[in-house]
Amino acid sequence: KAGVTQTPRYLIKTRGQQVTLSCSPISGHRSVSWYQQTPGQGLQFLFEYFSETQRNKGNFPGRFSGRQFSNSRSEMNVSTLELGDSALYLCASSWGRTGDTEAFFGQGTRLTVV
Amino acid sequence: GENVEQHPSTLSVQEGDSAVIKCTYSDSASNYFPWYKQELGKRPQLIIDIRSNVGEKKDQRIAVTLNKTAKHFSLHITETQPEDSAVYFCAAQEASSYKLIFGSGTRLLVRP
Chain X
34 KAGVTQTPRY LIKTRGQQVT LSCSPISGHR SVSWYQQTPG QGLQFLFEYF
84 SETQRNKGNF PGRFSGRQFS NSRSEMNVST LELGDSALYL CASSWGRTGD
134 TEAFFGQGTR LTVV
Chain W
640 GENVEQHPST LSVQEGDSAV IKCTYSDSAS NYFPWYKQEL GKRPQLIIDI
690 RSNVGEKKDQ RIAVTLNKTA KHFSLHITET QPEDSAVYFC AAQEASSYKL
740 IFGSGTRLLV RP
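So the protein sequences, as listed, match chains X and W. Quick note, the working numbering runs 33 ahead of the 1-based positions in the first sequence. Quick note, the working numbering runs 639 ahead of the 1-based positions in the second sequence.
Simulated from the structure, these hints should not be mistaken for lab results. Even glycine gets a Cβ: it sits at the ideal position worked out from N, Cα and C. A few of these clues could be false.
Per the computed footprint, the stretches of chain W lying under chain X, defined by three or more beta-carbons under 8 Å from a beta-carbon of chain X, are [stated by the list, open to error]:
#1 650-664
#2 697-710
In silico lysine-lysine, BS3-like type, Cα no more than 27 Å apart, as pairs [said to hold, decoys possible]:
#3 W:Lys681 to W:Lys707
#4 W:Lys696 to X:Lys90
#5 X:Lys46 to W:Lys681
#6 W:Lys676 to W:Lys661
#7 X:Lys90 to W:Lys697
#8 X:Lys90 to W:Lys676
#9 W:Lys696 to W:Lys676
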């Protein structure tokens, strides 16, 4: 069965631009979480979507937003990019149910802001 | 909310020796504790997990122990091999939200 797929794998953007990242979860999984990974900060939780609703949110500014579609695919958007947004963005999918919450990661999108 | 601390940040062992990585969590209601291995340039991979109703779980050379009273859990790797070299992350899941909170990671180097 196919794993979690993220597109694109690499992106280079200029400060002030916006970017949209995509995540296709494992078939049947309804929960998609997004993380920002940087060398100094580890894996920071951005938000989680479950059945098209944002169920959890981390401590990131409003420039970071997301959504989930009826097929559970999720997108993350970052507006007004800053140099500090350069990072690896990972999504993870799971069933999202009590007792059934193993999360599987995609390969990530490496975003470079110049 | 949940907070997870992980130690050590780096660990170097000789091939064949054991490695132990420790994590503490703050929310006593957290009930799920996975461990992930991330090799250079690759995605984090789930290697073992434990739920709060279990004290220990083993899978070949890897074991995880959980002490709910002390709110800490540990990863034990025995007979380490060079391919065990990677960054290992622990995580705790908030019972109320399903949110996974990660530790800061441990870079393990196994010297041949």
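Structure-based check of each hint:
Chain X is given as covering the stretch 650-664 of chain W, and this is violated because 0 residues of the stretch bring a CB closer than 8 Å to a CB of that chain, at least three being needed. With a threshold of 8 Å between beta carbons, the proposed coverage of the stretch 697-710 of chain W by chain X is violated, since 0 of its residues qualify and at least three are required. Taking the CA atoms of Lys681 of chain W and Lys707 of chain W, the gap is about 32 Å. The hint is violated against a cut of 27 Å. Proposed proximity of Lys696 of chain W and Lys90 of chain X is contradicted: the alpha carbons are some 31 Å apart, above 27 Å.
Taking the CA atoms of Lys46 of chain X and Lys681 of chain W, the gap is about 22 Å. The hint holds against a cut of 27 Å. The suggested pairing of Lys676 of chain W with Lys661 of chain W holds, with an alpha-carbon distance near 14 Å, which does not exceed 27 Å. Taken as a hint, the Lys90 of chain X and Lys697 of chain W pair is broken in the structure, with Cα atoms around 33 Å apart against an allowance of 27 Å. Of the supplied pair hints, the one linking Lys90 of chain X and Lys676 of chain W holds, its CA atoms being roughly 25 Å apart against a limit of 27 Å.
Taking the CA atoms of Lys696 of chain W and Lys676 of chain W, the gap is about 17 Å. The hint holds against a cut of 27 Å.
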